[in-house]
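As they're listed, the protein sequences go chains A and B.
So the first sequence is numbered by my numbering: it starts at 72 and just counts up by one.
So the second sequence is numbered by my numbering: it starts at 805 and just counts up by one.
Warning: the hint list may mix true and false statements.
To be verified - Below, a list of computed lysine-lysine pairs in the DSSO-like style, where the Cα atoms sit at most 27 Å apart:
no., chain 1, residue 1, chain 2, residue 2
1, A, K126, B, K900
2, B, K900, A, K112
3, B, K846, A, K135
4, B, K900, B, K806
5, B, K849, B, K806
Claimed, not checked - Computed spacing ranges between beta-carbons, pair by pair:
no., chain 1, residue 1, chain 2, residue 2, range
6, A, S86, B, N859, 40 to 50 Å
7, B, A871, A, S154, 46 to 56 Å
8, A, S89, B, N826, 41 to 51 Å
These are computed hints drawn from the structure, not numbers from a lab.
For clarity, every value in this text was computed on a predicted model and none was experimentally measured.
Heads up, the beta-carbon is just placed ideally off N, CA and C, and yes, glycines get one too.
One-letter residues, chain by chain:
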Amino acid sequence: GAVVSQHPSWVICKSGTSVKIECRSLDFQATTMFWYRQFPKQSLMLMATSNEGSKATYEQGVEKDKFLINHASLTLSTLTVTSAHPEDSSFYICSLESGRGANTQYFGPGTRLTVL
Amino acid sequence: RKEVEQDPGPFNVPEGATVAFNCTYSNSASQSFFWYRQDCRKEPKLLMSVYSSGNEDGRFTAQLNRASQYISLLIRDSKLSDSATYLCVVIHNDYKLSFGAGTTVTVRA
Chain A
72 GAVVSQHPSW
82 VICKSGTSVK
92 IECRSLDFQA
102 TTMFWYRQFP
112 KQSLMLMATS
122 NEGSKATYEQ
132 GVEKDKFLIN
142 HASLTLSTLT
152 VTSAHPEDSS
162 FYICSLESGR
172 GANTQYFGPG
182 TRLTVL
Chain B
805 RKEVEQDPGP
815 FNVPEGATVA
825 FNCTYSNSAS
835 QSFFWYRQDC
845 RKEPKLLMSV
855 YSSGNEDGRF
865 TAQLNRASQY
875 ISLLIRDSKL
885 SDSATYLCVV
895 IHNDYKLSFG
905 AGTTVTVRA
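Kindly generate the complete structure, drawing on both the sequences and the hints.
Below, the structure written as structure tokens:
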């Protein structure tokens, strides 16, 4: 399957700071990447769909000005959590679709964000 | 009603036992179904797709019941390494994915 990396794997920051998370496709050119968030013991929730060269599509209830997404190339998408607050503490995971007929998604290893 | 629902468990089973659990989905137009495995604090990894006719991959068997709108996963001859959370994933006709919250399985020695 596709190889997806994320950086950083974990981050602790003070309330009010901004945090950038990178998602890279190492062996596959992804025109579309997905950003999910997972709170403890809950399911993954799609935040937004990141499209290369165009604006991201956000799910209902996700603030686009707070979660800035930039998909500047076929191998890199970034998610910036602006003015992070403790309630933004979560596990952020990116994924890309392999496009191999079964709509299989491959996930990055995730970034655990803790906002103090 | 949630789009995808799973029994959170945990299912605590001894090594060698068989464990099975279901996942129900609400959208009858759902197209594709998958089981993912997620270890603690790690990303989900694809375990297997679920086909209409049912399918098997080693000790894992997946079934789909469209009439009752559920899929199932059965694990035979459980190993300690099978301890994980199993996520049910459903793809709708608009190609969006919905995830269940996961079923936790703990296999004990």
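Okay, the hints, checked on the actual structure:
Of the supplied pair hints, the one linking K126 of chain A and K900 of chain B holds, its CA atoms being roughly 18 Å apart against a limit of 27 Å. At roughly 21 Å between alpha-carbon atoms, K900 of chain B and K112 of chain A fall within 27 Å of each other, so this suggested pair holds. Between the alpha carbons of K846 of chain B and K135 of chain A the distance comes to roughly 26 Å, so the proposed pair stays at or under 27 Å and holds. A C-alpha spacing of about 15 Å is found between K900 of chain B and K806 of chain B, which places the hinted pair at or below 27 Å, so the restraint holds.
Between K849 of chain B and K806 of chain B the CA atoms are separated by roughly 22 Å; this keeps the pair inside 27 Å, and the hint holds. Distance hint check: the CB atoms of S86 of chain A and N859 of chain B are about 48 Å apart, consistent with the given range 40 to 50 Å. Between A871 of chain B and S154 of chain A the beta carbon distance is about 49 Å. The supplied range of 46 to 56 Å therefore holds. The beta-carbon spacing between S89 of chain A and N826 of chain B, approximately 42 Å, falls within the hinted interval of 41 to 51 Å.
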